[in-house]
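Once you've looked at the hints, go ahead and assemble the two chains, each given alone in its own frame, into the complex.
Residue numbers (full-length UniProt numbering), protein chains in the order written: chain L, 1 to 678; chain C, 1 to 642.
Quick caveat, the hints were computed from the structure, so don't treat them as lab data. All values reported here derive from a predicted model rather than from experimental measurement. Idealized CB from N, CA, C, for every residue including glycine. Treat each hint with caution, since some may be false.
Pairs of lysine to any residue residues, derived as SDA-like cross-links and limited to a Cα-Cα distance of at most 25 Å, are as follows [claimed, not checked]: (1) L:K70 <-> C:L247; (2) C:K244 <-> L:W28; (3) L:K120 <-> L:W28; (4) C:K596 <-> C:E224; (5) C:K244 <-> L:R244; (6) C:K244 <-> L:S69.
Just some of the chain L residues that point at chain C, by a computed CB distance under 7 Å [said to hold, decoys possible]: (7) V53; (8) S57; (9) F58; (10) E60; (11) A61; (12) L64; (13) V68; (14) P332; (15) L335.
Away from chain C, derived, C-beta distances all over 10 Å, residues of chain L [unchecked claim]: (16) N15; (17) L73; (18) D334; (19) K643.
Chain by chain, the residues run as shown.
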Amino acid sequence: MSGFVNFTDILKPRNTKFGIVKFMTKKWDPMKTLTLDKYYGPQDLKKVVADSVYIDSFLEAESLRTGVSKEQLKKKVLEYLDEIALDEQTHVMRWMGIVFLKICFMMKIGVFVNEAAVLKLKSTLGKNPVLFLPTHRSYADFCLTTYLCYHYDITLPAVAAGMDFYSMAVVGQSMRETGAFYIRRTLVGSPLYAATLRHYVRTVVAKYGAPVEFFLEGTRSRSNKSLPPKYGMLSMTLVPYFAREVSDVTVVPVNISYDRVMEQTLFAYEHLGVPKPKETTGGLLKSLHRLNDHFGNIYINLGDPISIKEYLDRSADQLVDKSIHSAESLKPLDLQQLTVDQMDKVQDIADYVVTLQQESTVVTITNLLAIVLMQSLIVDEALSLEQVVDKIDWLIDVLRKLGASVFENDLKASVERILVVHKQMVTLDGDKLMLVPALPMVVSPDVQKKMKGHILKAETMVNAIPIIQLQLYVNPVLHYLIPPALIYAVVCSGDTTREQLFASYCKLRKMLRHEFFHLEKTEEMKFTQALQYCMDNNVIRDSIQNPGTLTSGPDRELQLLLRWSVLPALTTLATCVDVMMQCRISDHAQLLKLVQERAESGRCHPYCLSLEAAANCVQGLTLYGALLRHKENEISYEVVPDKIQECHSLITSVLPKINVDFSSSNTVISTNSIKSKL
Amino acid sequence: MSPGLVTSAKNMLQNTADDKNNKRKTVNSEKTSSFSDKNKNRSADSKKKYETIIKVKSVIPRRRQDLLKWYGWGYKDSMFVLDENTTSFTGSRYLIGGKNLPYAKQWIKEHFDVDISKPHKVPQIPTTFPKSRLPDNIKQELEKITLLSTDGMDRLIRAHGQTLHDVYHLRENSFPRIPDAVVWPENHEQVEEIVNSASRHHFVIIPFGGGTSVSGSVTCPANEDRPIVVLDTSDMNSILWLDKEQLLARVQAGIVGQDLEREMRARGFTVGHEPDSYEFSTLGGWVATRASGMKKNTYGNIEDLVVQTKVVTPRGVIEKSCRVPRLSCGPEWEHIILGSEGCLGVVTEVTLKIRPLPPVVRYGSLVFPDWDSGFHFEREVARQRLQPSSIRLMDNEQFRFGHALKMEQSWGGVLLDGLKRFYITKIKGFDPLKLCVVTLLMEGSAEQVADSEKKMNAIAAQYGGVPGGAKNGEIGYTLTFVIAYVRDLALECDIVAESFETSVSWERALALCRNTKARVRSECAARRIAHYLISCRLTQTYDAGCCIYFYFGFKTVGFSDPVRVYEEIEEAARDEIIACGGSISHHHGVGKLRKKWYTSTVSEPGRLLLLAAKQALDPDNVFALGNMAFDQYTPDVVKSKL
Ligand SMILES: Cc1cc2nc3c(=O)[nH]c(=O)nc-3n(C[C@H](O)[C@H](O)[C@H](O)COP(=O)(O)OP(=O)(O)OC[C@H]3O[C@@H](n4cnc5c(N)ncnc54)[C@H](O)[C@@H]3O)c2cc1C
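So that you can see chain C by itself, here it is in the shape it has in the complex (with noise of 0.2 Å):
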């Protein structure tokens, strides 16, 4: 039976028949409610566990596709669109929708040289697909627990995450598998059941938040036997309540970014995780991911926010019986589902810290002559520890790339107009191909506010840094959100680009950007790639360390493999970002692209204990995603390894 309360009215103040045991209870005169009444009370009890509940419309509808792009990043409405005589971003959802982006083409012409005239490559809406390999009793005992559908598209578009790979795929439609139905479970018992299902009929489940992973960790297993079922959790996302004298809210875990943040907001608070993807990825995602939002330097990262979560395993549900600020009791469980990237069950629910709105918040921007400045400013606020919501270092590249989405009008502030154009270069003399731009988000009190900007412009001054107005740092922040689309257009003038991401301690950082920055140019080199961009900013900074992010792009005309070609690139990058100290990743996760290093992160033992969880929650492998190190699981390989 499951855990249902007996919240319902009705059986507050009248009698009440209980047949449970037969243990018959006394029942009084006529306005007693019968046995089988009792019974749907009850079960009825267990959907409204939570009187408090909030449902929550989403943005996104069921069916993704009506409102998303299905062969690519973001909302349909909202793409570049590059013609003869224009580059405009379309639709009204960003700041520079509907907006003309006249440096926009010369930027592009500059770096990749591409023939804009040709006509796009937008892929047609495929038509025939893999057919679903759910047996039919499968399928009928699924159905009874919840909305499940086989269409071919509602599979298609939830076979993949958002690399460069599964992209590509996607709009080539050439998935060697594609999972076999969809399920939309809409709460935690519903879970249960279907993971029940899963265990006893041998089938495979992929939990599905957002679809944004860029590790390769939703895609779909190519060499999977079993059935496979995407669990989306879009349909889980309530808010079960919110606790406003404890700062603490408990969400389904499907809930997606941009509802959670619309929803504390409009009820005066926020919970300040904001990745970049937060429009569409989802609160399971970011536990299952280790997730890291821009802001974390004043709400923390995924592991500070969550509190507890609430995890489906074949084996049961693993959960904290107390909800605590610190626990003292042995190994942290909780750990080993944030990161768990699908392959040990499904995150229900998740009680997560909230924080009151704050009353100010500003943008600012400094600019500094080069990228050593920039960055030693940054790790001087870092030892200083006063770090507002949101510093980042952008380097010369990136800067440049802004000024090419640099608006008709409007842009009023912007660095390398008019009179501010003419202090920075021909009074401060930097040099407009090296300088380099902080951008600011500071959250507070109008004082707490002022307070740090003053900060920051002293320790700016210190080197060689100058105030850089508060437009260019929203500007900054808001390109964070289109920079998503334009691969889009880049594949459609073939042009592949990716970003990759790492962390590293301070000492070691300056050098792993020029490092890396090198391996990039000479493996680009030696394919007699001309036109590509390679360029970083440093966006999250820490005691004892910073994470930098890549942007990599190149020109593909020749190449009968692009994807290929790029994967070996980024490959290249990656040994020498670990050659150089840094990890395997700050905060977009293993999955399937980094495997390879993996065990050398964590060590071999490390690798024999993420097995041993996977034999002790997962032992049958019903979350067979194989991420991290577990396609080495085998249930038999197991046991003679460990």
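In isolation and in its complexed conformation, chain L is listed as follows (with noise of 0.2 Å):
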């Protein structure tokens, strides 16, 4: 998906007199997604678990296990089926739908949706069941495909939220009445939980005729780009499918994207380890008068559904077949689960559907703004409107060649739109482009306490903290930049072979798989295109003194994009391999701290202060094999000497030579807002 992408706005037939209650009380006789000739109400699906063959064998079997009555068992069970299971009340629904849109009005949100994929997908309705996965960037994601399902006249969609929700009064039962089901954390060492959840979810994709709406990556993202999906709930899921309970299964992956995520200041802080507060009522209420105020456009992007049975049948191999007839579909089928080898391909469409969601990804004004100031931060030069504006333009161009899809109408009103939102980020100082810092936080001996990692100075955090947001909204962007980025980058540290270029890409990939999202099966695909992209564009051509090697090309400008664009991630990665290099075995806590104390006191580029930044690094230096990771009590990595040595030659040959100066003398900081911030 690529180019010009339509998008209509589906609050604003609502802002008219009585747009919102006559909507919400319009009649409500929603699709299905199911075609059945039974429907099973939210009572009923509690009732087909709690009297399911597989709950009454689980239960025999695991009293036999524990010693405690079967009876006393099933109590526990219909107790988790209370905690568990969703609830249809068409009056909360309205309610809720009533409060959503007062609270849109007052945050002056525009929520713009693909309405033809829309449409397409409620033609499609009826025939099996269909699993949203939309990315999870923030808590608003919650209301948004329910809002999108009740707009659209389609059964609201069941959605697995955590147990945070759950003990939140009135907001956790109301988000049950509108179909929210609750699911634990954690699943280790309840085993009759972990059965009853099971079969709970299993059972409402199967009959209840409802989407069935799930965050594959188990957690908001704080650093606005793909997580590494987690696998359970989608294994859940698709169980109905492989015991042929449903002819097929319908994943959408959506794509939601904010101009601006309200946690981004949160995020921030978490990124450098000061932990998040717990969510309450309270809370939430507390935080409604900040909520009117401008946040901008949310984008809700439904990529191209996804049927699991023709997915699996392409890929069908001797294996799968074999699996279809396991020893699995010989038993009862409320019994029957997924072999390892359709466990395997159940991984394999999650991270698939992970790669489809970055697809998706709606490119805002705001990430074009924040990847120009982030240059302009980095090139130490504050642009005026009209050069930012400009500059904007060019990177729409970049990035709709790289294959992204930008939604804009009038540049240049988009901009000021988005100068209003993120007046507490960025501000026009004269006519000046600059960010604003933050406020100096008073570190506390309790708040360094509560500090995740190393106790960061005052200063440090003042810009760290406006950075680190600003780079939130580079992040869902750099899916599409690294891969050329650091083909680039590998030029750049000396002329090379196509070959060798693959095999240097290769292995930065690989230790930064979990930094940047890929499939490794389509890496090369990735990297020819990559390549193709940057010899097109001038970033690298063919040497004329030495044939058959590659060297830098002519177009300074796109590859000054794409040498910032990877440094911060390069530069945690050399930092995590100093530090072990010179420590050899480390815990994972004191590990990131070093991390973040050389990252701080070598003034590296803030997002390198991200402890979730160093982390990822870690894991792909021991997927890499340069570490060796330990599990006791707490993890700990030690190295492999010789690989770290590799890792270190490539990355201090690759890194790319920009010194910036981050601080307040940075002359794109802005000094004066923050006086009147005051």
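Structure, rendered in structure tokens:
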């Protein structure tokens, strides 16, 4: 998907005198995802699960294992089901809708939807279960698809929600009554709960006729870019297909892109290691007044639906064929579970869907502005609004060539709109676009105690917070830029043949597998495309002096973009390598601290202070084989000397030589604004 | 890799790392598990394959000899004891346990004229055993897979079944060959590994269930040069799943009958397969011998109960890929396994039908003036397909034998007591030396049972039968289980006794019973055997025939090789049975004892088919029990013969 996309603001028509109430009292006879002779309501579902052969057999065995009576265990299952199960209360839905719309208008939000895709999907409903798999960047994600379904008269999705909502007064219950079901974060140590949940999810998919929605990434990505998927929910939801209770399952990748993520500041602090406060209804209410602000647009983009059946048939090999006739199908239907091969396939699908979510990214003006501002910081040169708009124009062209979808109408107006939305972060100082530093933070002993990582200096945080926030808006676009950026970085380190280039590229990608999610199996294709892109766009070219080798090309502007885009990740990687080479063995927490400390003292790009980025790099190095991971009481790492040496020389050779002062003396950091903020 | 399943809860909501084919899946943040964790999970998965698994605690311990008599039948604490004054049955496991049996001595005296004052010959526990021939490397390999023992006693008690021949050798500790080791696999996967190892190292495997075989099928082959490993299935006794909706259960094949039935009943169900040996015999043994249970009229024989088997052969696992009520797909290979007598592979898992427990179980009995009228009654019941769960006809000798085991008190309703005796002998004019008894076991709703009883009585009346009371019925069925203990007592009193059975069509049955008994009598006469017992009963009925069960025993004093004599007479009886149109066996199987008639029973092409099955599934003859015609199999011979 690339080029121009048409999005419709589905909130706008409600912005009339009685718009909200009229719409929220409309006749409600939604389209179901399944055409069944008998429909199971929320209470029926619980009963089906509680009375299932699976639960019965499980209790039988569990009772023997634990010595607890079957009746008692059954009671426990019923309690679990009360905790888990979704409900359906039309009046609650209508009230929630009214509140939702009111808040959206307060926040001045536009919800832009790729309507053509929704209507196309709607026209195919009724045949088999549908899974909505959205990206997860904000708590707001929880309302959006539900509202979208209401808007388009589709049965409200059954949404897997975390227990943090469950414990919130009113909100937890209201969410349940509009289709949320609750899942615990871990199933370890509670086999009975796991069994109940597993069967509940399976039953909802096979019998409920509503789309099922969950976040593959499992948690909100604090970095605004894709997390590697978790496989549990997907495996549970696909059992009905493998057991052929249903003929197919349609998976819809959904990308939700925000002009402004509500949690951006919180996330920025989390990157640095300040733990997030617990969500409470009181906290939510308190934050309400802060909602009277401009939050910009949200883009919901539905990717092309995947038919699981077709996907598996296409990748069918001997193995899959065998697994269909597995010992599993000899079991009672209710007891059928995934075989190892099927589990592998599920993981494959999950990984693939994450890439489809990436491909459905809608590049917003905020992203574009963030890139331009970040570059401006890096070259230490503030730009006028005019220049910014020009740069953005150029950038749109670059990104579209790389396959991105960019949604813009009137560029100048849009940029001005975003300046309002992000006035806490960027400002026009004079006529120059500048970054607004954070309020100085008092690092009290109390705060220090709560810090997960290295104790950072207050002055570090003042600029680190806004720059990390800015990076959060650069991040969603990076998956387009990283492949050519790495190619360019390697070529910059010296002329190279295509083969050498590919080898170094692969090594780097592997080390960054966790920082930049991608599929290993498509890497060769990705490389070829990126290389072609670099050649076509004068980033690199065939060397004239050394035939058969590649060398740097003439397009300085594009080269600059590519060079700095990979800077934070490579720097973090280099820092991890340095730290580990020095200490040889380190436990996880200590390692991250040391990386943070080194990044602070080395005045690296502030994103290198991110604990998450560091953890990702450590995992990458483990994957590469440069570190050995040990797990006793806690996780620790040990270096593999020759491998880490290999990493070290590769990374240092390709690390972009960019020295920037990210302190307040950077001309792009506004010093005036801080006063106005105070 | 074993087809383990990913059901581990650990994997569900956490990221998993997967290093299969070096294909690395993605991992997130600190909470991830390492490769080795995942691998650990995977191997654990195969064990946890069934999270609905019901681990059954068996009544029978791994050291069988701790609970069971090593030298004979049944529990150690249960046996007939005979002394100067009293006869009694010890223990408290059976209805007659701990009771005096005042009429027994008289009966024994009458039939066998043995001197009961003579000290009994309870054998000494053996202390020397043939050395295990299992090479160390194989032993070590097997020990890695599962528990193994080369202990002499462990091997001796698994060298045999329960034929007279076996028990005689056992008491004398005179087996020409005993197994070299015993292994106790816990699941299908381990069996696969063991069979694999056998194929590689060329040793012999004997699947051993409950060791209740009465055909010689499980008996250790005497002329085997390769090491012999007994694969004791008793640790494979879990119920893997139980589907109360489909009325099916998947059970590991080593489960013992009474364990299976107890577990099912505890959950409101029954398999309903109750061969008289079901206290000790196993599911796998039933399958391998085509067993038949007392209540087959309601629940079916083993072949009707089995929906699916999973069998490890040296050529791989044979199992149907679908679990369906019926299949039209060429010959049913399940029937190659049913009756394979341990010669083609190991049955590891079986999917069985189960039924809800009947609300009412009632015994009944009917008394008939003679065998023929009882027989015609049974035939009529079968014609009308009105059989209750069990219906059996005992001949007069058996009836009187039952009477001999009458307890001192408490057997209130016994036939020849008091009023009833008066009614039956005086009013009805039945001759106590001719009358026969039918015992009934009825199951179902109260209505169904009442209805069945009414109909039985009505048909009985047509053949001169009269109701004999529920208690007599119950006693008849309990005796079934203690009769097996009689042989040990008999052996101690120099009497050899054994049973043999056949199936025959209705119209030939009466003649078959008459002729076979006559043949036994004349064989005894020819050998000057004065004291013996030949008796029979009709234990199962079908549309087109019935099962006849003979008991034969004689006093051995004066014979140097009584077992040999017994076998000659049984052989003659079998020849007679076959000449009368009866079969080689209704449910005990062929084993080694009845090989002689195998080919003529199944025809020459049938024999070739049997050897072809061997060639296909076990070409190297790992399962070298040599039952049926399998002793004619050697890899080369087959090639030239086929
Ligand atoms: C007192 C008494 C009463 C009996 N009553 C009946 C009766 O009513 N009905 C009836 O049908 N039989 C009866 N029998 C015979 C005997 O109990 C059955 O043949 C029974 O099925 C044997 O089961 P088992 O587990 O003891 O098998 P075993 O005696 O251990 O073995 C029998 C044969 O089956 C093979 N085998 C055992 N397990 C497996 C396995 N898992 N995979 C492959 N092969 C295997 C063995 O190798 C052997 O060839 C009776 C026997 C006795 C002694």
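Evaluation of the provided hints:
At roughly 20 Å between alpha-carbon atoms, K70 of chain L and L247 of chain C fall within 25 Å of each other, so this suggested pair holds. Between K244 of chain C and W28 of chain L, the direct Cα distance comes to roughly 40 Å. Violation of the 25 Å bound is thereby established for this hinted pair. Among the hinted pairs, K120 of chain L with W28 of chain L is consistent with the structure: their alpha-carbon atoms are about 21 Å apart, no more than 25 Å. With a C-alpha separation of about 20 Å, the suggested pairing of K596 of chain C with E224 of chain C holds against the 25 Å cut-off.
The suggested pairing of K244 of chain C with R244 of chain L holds, with an alpha-carbon distance near 21 Å, which does not exceed 25 Å. Between K244 of chain C and S69 of chain L the CA atoms are separated by roughly 19 Å; this keeps the pair inside 25 Å, and the hint holds. A cut of 7 Å between beta carbons decides the hint on V53 of chain L: the least distance to chain C is about 5 Å, and the hint holds. For S57 of chain L, the interface hint holds, since its Cβ comes within 7 Å of a Cβ in chain C; the closest pair sits about 4 Å apart.
For F58 of chain L, the interface hint holds, the least distance from its beta-carbon to any beta-carbon of chain C being 5 Å, beneath 7 Å. About 6 Å separates the beta-carbon of E60 of chain L from the nearest beta-carbon of chain C, less than 7 Å, and the hint is met. Hint on A61 of chain L holds. Least Cβ distance to chain C is approximately 5 Å, under the 7 Å limit. Taking 7 Å as the C-beta cut-off, the interface hint given for L64 of chain L holds, the closest approach to chain C being about 6 Å.
Interface restraint check for V68 of chain L: the shortest CB-CB distance to chain C comes to about 15 Å, outside 7 Å, so the restraint is violated. Contact between P332 of chain L and chain C, as hinted, is supported at the beta carbon level, the nearest pair being about 4 Å apart and thus within 7 Å. Using the Cβ-Cβ criterion of 7 Å, the hint placing L335 of chain L at the interface with chain C is satisfied: the shortest such distance is roughly 5 Å. Under the 10 Å C-beta cut-off, the non-interface status given to N15 of chain L relative to chain C holds; the minimum distance is some 40 Å.
With a least CB separation of 13 Å from chain C, L73 of chain L remains clear of the 10 Å interface cut-off, as annotated. Not every CB of chain C is more than 10 Å from the CB of D334 of chain L (nearest about 8 Å), against its label as outside the interface. Against the 10 Å criterion, K643 of chain L stays outside the reach of chain C, whose nearest CB is about 15 Å from its own CB.
When held up to the earlier numbered hints, the structure conflicts with 2, 13, 18 and fits the remainder.
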